[in-house]
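Student: Residue strings, one per chain:
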Amino acid sequence: MPVETWLIFIVGFMLIGSIAALEMKDLLSAIIAVGIVGLGVSMAFLLLQAPDLAIVQFLFEIFSVVIIVRAFLKKDYHSEGEGQRNRLLGGITVLTLIAVFLLSIRLFKALPPFGKPLMTTARYYLENCASQTHAANIVSSIVLDYRGYDTLGEVTVLFTAILGALTIIRLKSKRKTEGEGQS
Amino acid sequence: MKQQPGLTLIAKTVTRISVWLIVLYGFYIIFHGHLTPGGGFAGGVVIALAFLNVMLAYGHETVTRWLNISFMHDLEPSAGALFLTMGILGIALGGGFLANVVHRGTLFNVFSSGNILVLNIIIGVKVAMGLFVVVWSLAIFRFFEGGDK
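Chains A and B, in that order, are what the protein sequence lines are. Numbering that gives the first Met the number 0 puts the last residue of the first sequence at 182; the count rises by one with no breaks. Numbering that gives the first Met the number 0 puts the last residue of the second sequence at 148; the count rises by one with no breaks.
If you're looking for bench data, these hints aren't it; they were derived computationally from the structure. We treat Cβ as the ideally placed atom computed from N, Cα and C, and that holds for glycine. Check the hints yourself; a few may be wrong.
As the list claims (entries may be wrong) - Selected chain B positions facing chain A (in silico; Cβ < 10 angstroms):
#	residue
1	Ala-41
2	Val-45
3	Pro-76
4	Ile-90
5	Leu-92
6	Phe-96
7	Leu-118
Model the full assembly from the supplied sequences, consistent with the hints where possible.
Tutor: The structure is reproduced here in C-alpha cells:
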C-alpha cells in the first residue's frame, strides 16, 4: 500500500480518538483517547520517514499522558452536567466550517504535489551537511549547527515554561498550607 | 509487615533493574544524536521518564530522600547558561554566535561533528532535569491536595 493510504487510515483513527475523547463521560478514558491522537501523530511521522520527530512525539505523548493522569485522576471532574446546547450557534458553526472548506478547495489545488516542496533549501543541506558538519544525522546537524539560534529559542521556551509551572505549583501549595493552618 | 509507600514489591524489584537500562538508553540516544535519530531532547525525555518510573514505583518521599532535588533543580538553568556560553565562545574564537569551536572528527565516529555532540549533551541534561523537577513538584502538589480529604 502507498504511504497516503496508511496516512488516511491513521488520520481516521485519530478522528475517532478525538471524538471519543470529547464524548466520553469517564475522565480516565478520555485521557487515554487523547493519547491515541498523539500516538497517531507519532505513527504518521514514522511513515513519512521522520524518525527524529517520531521519537520525540512518542516520548512526549507518554510523558504528558502520565502527567495528566497523575494530576487529574483524583479530582472530581467526573460530575460534569449536561451542557445546554445552543442550536442556532451550532448551526452557524457548521455552516461556517462548510463554507470555509468549500472556499479552500481551490487553495488545496494550488498547493505543490505531495513530496515536491517549493523550498529548495533542503537540497543544500542534503548536499553539504556531511562535508561541512561531519554529522551523519542531517536533522541533528540542522538543528544544532545551521539553525543554532532556533534551538537556543527552544531551550529558552522550555526554561520559561518550567519556571511558570513551578511558580504556579508553589503558589497553590503555599495557599493550601496556609488554609490548613488557619482552619 | 509495615505498609511501604509506592507500589508492590514486584514493581519495585522490576523498576530497580529496568530503570538503569532506561537511563542507559537515554544516554545512548543523547550520545548518538549526531549519528542516529534522536538527540538531546529525546534522550532527555527518556531519562526524565526513568526518574518518573522510579517515582511511580517508590513514591515521592523516597525519591526526595534519595536524590538531591535542589542540585537537580540548579543543574537545569546552569545547562541553559552553558548553552549560551558555547554560543559566546564561538564569537570569542572567531566566527559568529554558536560557531563551531570543537574539532570536527571523522564522519560516523562517536566523537565527531564538533559542537553538535556538546550541545546535545547540554540539551539532554537540561530537558531531563527540567521535566523531572516538574513531575516531582506535581507529586508534591498532589501531596498537599490530598491532605484535606
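Student: Evaluate each hint against the coordinates.
Tutor: We went through each hint and held it up to the structure:
The beta carbon of Ala-41(B) comes within 5 angstroms of a beta carbon in chain A, closer than 10 angstroms, and the hint placing it at the interface holds. Contact between Val-45(B) and chain A, as hinted, is supported at the beta carbon level, the nearest pair being about 6 angstroms apart and thus within 10 angstroms. Using the Cβ-Cβ criterion of 10 angstroms, the hint placing Pro-76(B) at the interface with chain A is satisfied: the shortest such distance is roughly 7 angstroms. Look at Ile-90(B): its Cβ only gets to about 12 angstroms from chain A, farther than 10 angstroms, so that hint breaks.
For Leu-92(B), the suggested interface contact is broken, since its CB lies about 15 angstroms from the closest CB of chain A, more than 10 angstroms. For Phe-96(B), the suggested interface contact is upheld, since its CB lies about 7 angstroms from the closest CB of chain A, less than 10 angstroms. For Leu-118(B), the interface hint holds, since its Cβ comes within 10 angstroms of a Cβ in chain A; the closest pair sits about 5 angstroms apart.
In this structure, the hints that do not hold are numbers 4 and 5, in rising order.
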